[in-house]
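Please put together the full structure from these sequences, using the hints given.
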Amino acid sequence: MNFGTGALGVTPAHSMVDYQMAQKNDLPMIKVIDEDAKIHPGFGEYSGLSAVEAREKVVENLRAAGLLEKEEEMQNNLSVCLSL
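So in the numbering used here, the last spot in the sequence shown is 95, and the numbers never skip.
By construction, these hints were calculated from the structure, which means they are not laboratory data.
Hints may contain errors.
[What the hints assert, rightly or not] Now the in silico label distances, taken between C-beta atoms and shown as ranges:
hint, residue 1, residue 2, range
1, Thr22, Glu67, 12 to 22 Å
2, Leu79, Phe54, 17 to 27 Å
3, Ala18, Asn72, 13 to 23 Å
4, Pro39, Ala18, 12 to 22 Å
5, Lys35, Glu84, 29 to 39 Å
6, Leu19, Leu73, 16 to 26 Å
7, Gly20, Ser61, 16 to 26 Å
8, Asn88, Asn13, 14 to 24 Å
9, Met32, Ala75, 26 to 36 Å
10, Ala76, Ile41, 16 to 26 Å
11, Leu78, Phe54, 15 to 25 Å
[To be verified] Within a straight-line C-alpha distance of at most 25 Å, the following computed DSS-like cross-link-like pairs (lysine-lysine) qualify:
hint, residue 1, residue 2
12, Lys68, Lys42
13, Lys68, Lys49
14, Lys81, Lys68
For glycine and all other residues, C-beta sits at the position ideal for the given N, C-alpha and C.
Encoded structure:
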């Protein structure tokens with residue numbers, strides 16, 4: 012109750028739990044980031060940017076439009092698999 016926005020992000024192309032949720036609810040599977048961590052074509056000014064560059068551009072655009080309420084650093088426990 013004291014943390015976050017209450018919004019739920021569902022990313023079926025990146026999470027097995029979200030994939031199962033998408034399947035159950037007939038949600039579309041939209042792949043935004045390619046295997047080289049670049050934004051796929053079809054996403055306007057963000058296409059071709061790295062995921063990090065795209066995030067910075069989104070934040071910049073939100074800020075310019077007066078839609079960004081606040082920014083804060085937070086620690087994220089993100090599991091990453093490095094074996095290929």
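Checking each numbered hint in turn, tell me which of them this model violates, lowest number first. none
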